[in-house]
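Visitor: Residue-level listing of the chains:
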Amino acid sequence: MYDVNDTIVAVSSASSGPRVIVRMAGPDTLDVCNRIFNPPVAAKANRIVAGSLSIDAELDVDAKLYVFLEPRSYTGDTLAEIHLYAPPTVTEALVGRLLARGVRTAGPGEFTARAYLNGKIDLAQAEAVNEIVVSSNGYQLAAAERLLSGQLGHATEEIQGAIMDCLTLIEAGLDFSGEDIEFITRGQAVERLTSVREQLRQLLAGSISYESAIDLPAVGIAGAPNAGKSSLLNKLLGRERSIVSERGKTTRDVLSGLLTMVHSRCVLFDCAGLVSSTHTILDELAQQAAMEALHHSSVVVFCVDVAKTDFAEDVSVRQLIEPQILLPVATKSDLLTEEELTHRRARLSELFGTDFVAASAQDDRGVDRLREIIDSKVVELGVHSGTGCSRSEALQDSIALTARHRQAVTEAIESVNESVDELKAGNDEIAAMMLRAAYQAVTDIEQQHVDEQVLDRIFSSFCIGK
Amino acid sequence: MQNTNDTFDCVVIGGGHAGAEAAHAAARIGAKTCLITVSKDTIGKMSCNPAIGGLAKGQIAREVDALGGLMGLAIDATGIQFRLLNRSKGPAVQAPRAQADKYKYKDHIRGQLEQTANLTIVEAMVSQIITDGGSVQAAVCTDGKTYRAATVVLTTGTFLRGLMHIGTEQFSGGRLDEPAASELSASLENIGLRLDRLKTGTPPRLDATTMDLDRLEIQRGDERPEPFSFMNDKIDRPQIPCWITYTNEKIHEIIRGNLHRAPLYSGQICSTGPRYCPSIETKIVRFADKSRHQVFLEPEDEVKSTIYCNGISTSLPKDVQEQIVKSLPGTENARIIHYGYAIEYDYCPPTQLKPSLETKGISGLFLAGQINGTSGYEEAAGQGIIAGINAARKLQNKDPIVLGRDQAYIGVLIDDLLTRGIDEPYRMFTSRAEYRLSLRADNADRRLTQTGRAVGLVPAERWTRYTRKLKAIDRLGRYLRGHTSEGKSLWDQLRQPKNPLARTLSENPDIRRMGLSEDILRAVVIDAKYEGYLAKQDRLVANFRTLENKKIPGDLDYHSIEHLRVEAKEKLSAFRPTTLAQACRISGVTPADITVIQVHLRRRLSAEQTNKANSGVDKTTR
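Chains as they are written, first to last, in numbering that gives the first Met the number 0: chain A, 0 to 465; chain B, 0 to 621.
With the rest of the complex left out, here is chain A:
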């Protein structure tokens, strides 16, 4: 049996390229990191930090540090991953420094064993992790995924608390108005909520996109709503066998996955949200997030539902994508006869000035072919992701949020706004509902037993009852 109370380290290198990942877990992790990595990282929140790693007195190299604090880590104890580009001699020197500081070399599968022993995953998941993540060396994606798990919750803990406080006071005013207590005036509530809104805005402003936190070449899937993007994404990824789907809650919002092909590997993103016109602030944000995802994409799989007849919306979406990276796909081709399909594809070629690959997520048509094309395009790009720290400023102490997470934060801002308006109009009961919506937006589903929490808080804070 492994000791679970000390700090362990393991090194893995990507199958291609010089990227190395040094992974540590245990109580001394952060101390040790802070001795060799600059800038130092506080035990505040899970983070990605770009900085420099001191290998010995003379050699510093650029590296990215992923920090996961206990218990919000894969293993349940404090965990860090140092991602760097270095030859084996440098890696050896680095590990030597770590061992000298009392860190122990991990046994095979020991990280996963810790995760299991700490109740973070069950045995089935542990097996899946070893099989998929470890063997494919998709460490970085896995790290980013884990960073996301609970990250929004963590980043917003304080905000959640502030919303909950305010909600409690408003609810107390509704359910206990007969008491000899003024819980909160409308003016005070408005003031508190204004500050909550400010915090949410800062969270949004200070975050970077999840997509940019990953070094692998990005392949976006774009298209008008209902063009069959998600189905295609899942098909390409072979979702059923993926760790991503096994850990349902963790990754429920991450519309992306690691695609391993014959010659290369990339991250697939769903650039959902590209619409020709935006109506609400949410549409707009979704649009923004999608544009950002597009911007990070090296290749864009452009999906058009070939079974429909009006392509106006597709044309306007097409205009948002740079021509040189476009990979056009005619989706849902199983819905047409061969004859119709040929005819329709000709029309698409004419309309968009390029040939479409016919595909269907239903009968798997064209999926293998698409994978081959993506593979060759990614290979053409070369190892363009060689400079892992090029965006070091953007990464510095940033919180990485997915498009969905950013959407959640915007939703929360919206709801807080509405709540303020309703308070001003004297509709406390509606203001309370909006606050619940805000709370829900920034909280994990499993922590959402708001009603009981509200009552518990009221009873513990105020002398209620005649």
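Bear in mind the hints are in silico, worked out from the structure with no lab data behind them. Treat the hints with care, since some could be wrong.
[What the hints assert, rightly or not] So, partial list: chain B residues that the calculated Cβ filter (under 8 Å) puts toward chain A:
| # | residue |
| --- | --- |
| 1 | LEU84 |
| 2 | VAL92 |
| 3 | SER290 |
| 4 | ARG435 |
| 5 | LYS497 |
| 6 | ASN498 |
| 7 | ALA501 |
By construction, the Cβ of each residue, glycine as well, lies at the ideal position given by its N, Cα and C atoms.
Use these hints to put chain B onto chain A, whose structure you have.
Guide: Positioned in the frame of chain A, the structure of chain B alone reads:
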């Protein structure tokens, strides 16, 4: 069975607010019903606060009325002070409250029951429930008589093994000067029900003629009292004020000096009481920095013979209660008629119930009111009427009536009891209702009259009145949607916050010609105001209930789940949660355990799907 004195369709045990509604409903629906109560004189008795309604409770009282129950009409006929609470807040959280002449109130309820066809009232104390083959058969009384019935509704209030406390004195009793039901608990345990203990308490009652109320702050009722019952347009009864006084440091000192004699702090009482209705000693211990606590002095009858001291519920010794009253401004010379007391009683943890309020284990046995761990007359009445309806329907072989959480506070109440269980006497709050904007006091009639009619509790007169109201609302709504001013329909204008149209609607000549009552105008204004928010509410609730909606199959064998911790296996096997959300709430079950169950359920599901697919039953189509 020997000594069978009579055979009924339904026997209701207990004549409190739950029992009265249950007996009335069952009899009205057509079941030959027998109400067994220790004394006819205590039917409908207000054992504690002499008031009906209040926040969230007022909504329940209206729901009981809409279903065709007794409570609303009774309080309208006997109320002495009516107030609409939360008037400054939105209609969804406004609620009627009225103080009753508690003597007239109980007489009114008794009178109604005595006039109810199919209903026999018997004075006796039940000691035993007889079952056979998992079905209820009869109730046996301490006088040796047996009442047979296929359905029994148990509404025992605080009487099951009731143990009362006043200071260090402890004595058996169900209420002041009334005997406890000491044998019935054992019988219930024998037939397989699990019992536990709860505690509640009540303040001292004072002789009004010995008090100096004139110098105290006054709280009056509303100028235009709003009736509880849909059947009444207005209240003509005289309104009597309440008085407000405050405790002071001297009283707090007295209490602190006597805490060792307080059953709540000496260890004499160990069961849990309600957090929302703490005793004065609890308030002083828990909120030590508060220099005074409000006390409402509420008359218990029209002629102001006795006063209820709302705010100083206590089980301190008699001499301490006397010192408190002596130091309370306005009551210095008051004579205590009844001392405050605490009472511990058996209840039946409500996770043993079906949504119909029938017990899971014993067919035909229904429970309602405090026996299910609730507190409050309205909560009791709401369960009582449902238990009565469902007992009667069972006899007719009809499906039980189960109100949804989006349909009624009664639905929220019963669902909470069944799925969450309780750890203190359960009281309704508006914040418990996720569909709060829909569950309003003003639309209880529109939510439930139809149901009441369907089960046979709404008489023709009420139904006619109701359909007339619906037509009027519809007519006004159509007018408002069809007429525009400044490019906007009147309806859409009403939807805007603070639109002045809401107040001036009755001045519109077209509308005036329709001759609609104020009631109709208000209903429509409120409908318009909330319309836009209801969609948001529904969306929010749908998101919220993700885990709630993840059902755990009833046959799940936790012991067969690999990797589940032993503690979790035991807890989950004992509680048998029906949803993952419930499983989360069980203490000792960790998020990791939930993951294990989720993985197990997912595997099970995909295994089932594979089986199905293999047998060719299920063909997936796009």
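Visitor: Give a verdict on every hint.
Guide: Hint-by-hint comparison with the structure:
no., hint, verdict
1, LEU84, "6 Å, holds"
2, VAL92, "5 Å, holds"
3, SER290, "11 Å, violated"
4, ARG435, "6 Å, holds"
5, LYS497, "5 Å, holds"
6, ASN498, "10 Å, violated"
7, ALA501, "12 Å, violated"
Violated hints for the displayed structure, listed by number in ascending order: 3, 6, 7.
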